[in-house]
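Q: Take a look at the letters that make up each chain.
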Amino acid sequence: MAPHSCEAATVRVLCPKLLLSGNQPGALQWLIGSPFFPPFTVVSTFRCIHQSPDLDQESDDLRKLLPKGFEVIGGLIVGDSDAEKSALEAVRAARRLRKIISEGGELDDEKIVGASVDAGTGAIHFFISKTEKLAKLEPVASVVYEEDKSGKYLWENGCLLHCELPIKLPFYFPASSPSESKKMFSEAVDAVITQFKEPNVVYIAETLNKASGDVPKPVVLRGKDFGFGADASNINRLPAAEDQVSDIISCSHLCLNSKPAAVVNSAENADKIQISLMLNRSEKSPTSGAPVAEYFPAMEEARLIVVDLNLDVLTYAPKELPLMHAVSNLVIPALVDQLYSLTKIILPHLLMEHPQLRIYHFNPPGVLHPITTIYELNYGETEMKQVDVRKSLHMRLGLPLDRPLLRTANALDLSVNDDSRSNTKKRGSIQLKEVHIGIPSSGVSEGVASVIQGSYEYYHYLQDSFDDSGWGCAYRSLQTIISWFRLQHYTSVSVPSHREIQQTLVEIGDKDPSFVGSREWIGAIELSFVLDKLLGVSCKIMNFRSGSELPEKCRELALHFETQGTPIMIGGGVLAYTLLGVDYDEGSGDCAFLILDPHYTGGEDHKKIVNGGWCGWKKAIDSKGKSFFLHNKFYNLLLPQRPNMV
Amino acid sequence: MEIFLHQTMVKAVVGEEARLTSAEDRLSRSAIPAEVGLVIGKLSSVLDRGFVFDLIPTPSNDAGEPACSVLETRDDKKKPSKSKSQSSESSSLSIDSDWVAEHARQVSRMLLGGVKVVGIYVWASDSAFKNSTMILCQAIKAVSDAIRHLDPALDEALLIHICYSPRRWNCRTCLLNSSITSSSLRPCDFKLGRVLSSLQRFKCNYSFNFRLPIYSKGESSRQTFTEILRQELAVHEKELKSANAMIDGYLVHNDEPCNTEGEHEIELLFPFMKDIRAEATKNVTGILHFGGSIYSYAYLNVKEPVSRAVADIKADITRSLQSRLDIICDEAEQDLNPTDVGDDEEAEILTIPISKSILNSSTKACHLPLPRRVLVPWLAGTHICDYLQPFESLEVVKERCMELMSMEHSSLDTSKISEVETETSLMVAESMWDVITPASSAASCRLEGNVERTSREDGNKGMDNASYASNVPMMVAIFVLLLSVILGFMLYRKD
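One line per chain: the protein sequences are A and B, in this order.
Under the UniProt record's numbering, think of the first position of the first sequence as 1, with each following residue one higher.
Under the UniProt record's numbering, think of the first position of the second sequence as 1, with each following residue one higher.
Don't read these hints as lab results, they were simulated from the structure.
Some hints could be false.
Lysine to any residue pairs mimicking SDA-like chemistry, simulated, CA-CA at most 25 Å apart [claimed, not checked]:
id, chain 1, residue 1, chain 2, residue 2
1, A, K182, B, K282
2, A, K168, B, E232
3, A, K168, B, R230
Examples of chain A residues lying across from chain B (beta carbon under 8 Å, computed) [what the hints assert, rightly or not]:
id, residue
4, V192
5, S288
6, A298
7, V306
C-beta: ideal position from N, C-alpha, C; glycine also.
Here chain A stands alone, though its shape is the one from the complex:
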């Protein structure tokens, strides 16, 4: 193919993982970009789950999931050696999807990225499709992978606009003809949408600030200044430039991270702007006179139903975008889309109990931008239907299927008032988290370190003014393990106290009632009972007759940290420890163990803990020739297995 196109395109790939589907031939993925980025910039990719020809379900899902400010810019397909032919298939699907999502507002000559993956080699080829009519694709000049600075690129130039809008929508229908209810409800919903663009609507934009300090004053945008009235059907148009100050205020006015010092690389610490919708009852309306009360009878018995529609949208906007533009072109369309999505779910249940729909935003690992989900929480989130919903979302986003990443507890915290939250944090737990971060290296040259995945809390002696010195080390190790499961959102069970642990062991019949309140030791077996009872977590147990056998199992332990990633409890004839990782040099057999010691009796001082060696790498045999694991003692290792759940 001759490079006849004078403007050979460059495809930029920002997301760290492009291929989600494995190498199944025919598997289709959507490539996500943003209208605010240079063309052919791939921010993320979603797997196509409902690969039906009409793509209705797919467009429905994407409309809910993808925040406004991002869009489908192409497709990727796993194909055979004819890369262009496969890519063309992906392009066609992407064009179809774009058409459905934009509801006919899509033009035929939008440029679309097509990519095909060679099922055999795994090589990815990119093409550009210029118009729908041309069956021929253009090759790309180059493909740049920029995943290392992608987060910075997104969040230094852009910000999030968040709008929560709880609506109580009443609607009426004749009691004698319930079949009319759907029509009446749809009309009421349409009336809400008209309201979004009324001149008496006020959009208040303010900085969503977690830290206290100077924040810019809120900006008030008035519906009458938007110029909706002129052409209400086309809100994609830029508002007519008027001599209004609010016209030219850009999003950056409300962004705090504009200072160069701030490091922003994820949606969590991105600049956020809160948009609130209000109705201005002081906007003069020419038709209304002095108050009047008028009664209109129903003629026949009418029924009133009130539907709760709790809208909550998140959109992405470049900071230089005028606020008014961001509201009219991103926030309002997002509200409209979400309103329709909620309506669609509620409609079949209109005359029954309404589904409790809650909206959450997530920033799952590996996905650069936030995503939005609508969960139905009538029966809680562990209900099978909800598990399936999450599983399908995990699949779509290419997330691992064995860990909960889209549970309500994982959701982005966008609450305006953060005071209450930080207070409960202070009261709820005083434990330090992830104390092993920043400790000196193990000293194993050529070693490969395998450590636990995720966060945990450090539980040790004397915490919560409870004197367990001399007997509570295994209890503390168990608390650390349970905190890991909590922080990874596998459970919402609170970390049990010593007494609660003992109570559990009595309940399952392992111990006599006198055990509660005693100072008796527990070991690895008891821990496995408690984990099974409280969390439903199963464990592997490894037995060692002598401490000298431990280094031999280093490879196995490394594998545990790689696949399970849970903290290990070390018990046996001696003191209990928590094992957080191993550093192992296969060549020399040299190894070190990352030990978190529950016997620490001091305060929550990270420096003191690290300097005292209460959390640190322990070589099996230290420089003085002393063994860490005693040769004349037996050891039991408890390896909790990561539950296979989402």
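Given chain A, put chain B in place with the hints provided.
A: What follows is chain B alone, placed relative to chain A:
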């Protein structure tokens, strides 16, 4: 009584010098031994200060007797003394508390936001005043009870005594508890100064548009039109209190005084479609559409925080709606009482005014236009207000200002009265299905100025005309529709 010391009371009161001096001159020139009247002003708990704008004498009652007279206790109680010279150590005051209270009730309707009836004054000798504490306390209680429904936060009142021998002014504050006794009265500082000229002005155009479901209920709990409206006003007041406000386009954040000159505009912001009235699934017999525009105004002392102005504007809106409904109800009472026709039941049913009608599924569409507000120039560039019924003219306003506010004929010019609210146009619809959404009401045509201005006598007829007139275009439309159907049918038959 010591426990009440904790409650904040105004510590000092400043009176508008020009007004109070002229009142004193008027009183001293007149030979009347005693006079009672209302104190108009504002009390600021934030500033610990009271401000008196004007004193308004209570007019003679329906029987033509003055509201206040001096009694010689040793004499026959019913014989009031006629001249100052007769007043002695034993004299005391007789006050028609109910009449003063009625005066307060009517005057408080005419005051804008931030201006209130804050107490009463008496012109009496020192001894008569001292001997009449109980009577005065009763009068204060009657006044505060009469205006409380317009000002629920009312917790203290002023009692100003203008003593003629020796000539001096005395001011006391009175805590309004369930029982007001002489110990509720506490003296406070009183001085004259300039109060009115430094007032800050706040304006608010408030437009609302509610659609209230009228639920199907058992026969026993049937409510009349005005009962439902009263309930709605209570809900509305609550909603209004939590509304956000903007002053001159800026959201009200801090609580600083407003430093800029001129008239300030307040805008009130409400949550988007989060109606607190909406209840779960229920059966409905109809919809009450309640809406319109209120021209609201409030006066603020320069040192008061702007949040006070917002609260005053909100209170003015509530008070204004309440007053209009009161006027409608007063009217209905007056109309019902004289037409005591006895056994002619049918005639009685026909004369039931709309405000008293019961709203249910068999009730036809009906309209109850509330009177509209007009502003009347008052003191030093400030205004008071009045309400005009559709059948009333501005001359009525003038009369009321003279009678109730003791304004002079020469100072009143009907051309200076601003008609800040337009006459209401009524919705043309027969059933609730035409008005359930705001969009559908905008589409349905409104009849402009259909309410005829007629004389007071046939007021109700005027209102009936209104509802009749609103049906005319509908009938024309139906006629045209029928005609076209017949025409179409005939043409079809020809083919």
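Q: Check whether the Cα positions of K168 of chain A and E232 of chain B lie no farther apart than 25 Å.
A: holds (18 Å)
Q: Tell me if A298 of chain A is really an interface residue toward chain B, meaning its C-beta lies closer than 8 Å to one of theirs.
A: holds (5 Å)
Q: Next pair to validate is K168 of chain A with R230 of chain B; report whether the Cα-Cα distance is within 25 Å.
A: Cα-Cα ~23 Å, so holds.
Q: Checking hints one by one. Is V192 of chain A an interface residue toward chain B, by the C-beta closer than 8 Å rule?
A: holds (6 Å)
Q: K182 of chain A and K282 of chain B were given as a pair; does the straight-line alpha-carbon distance stay at or below 25 Å?
A: holds (17 Å)
Q: Given S288 of chain A as an interface hint, is the shortest Cβ-Cβ distance to chain B below 8 Å?
A: At 4 Å from the nearest chain B Cβ, S288 of chain A passes the 8 Å test, so the hint holds.
Q: Given V306 of chain A was flagged as interface, is its beta-carbon under 8 Å from a beta-carbon of chain B?
A: holds (4 Å)
Checked against the numbered hints above, the structure breaks none of them.
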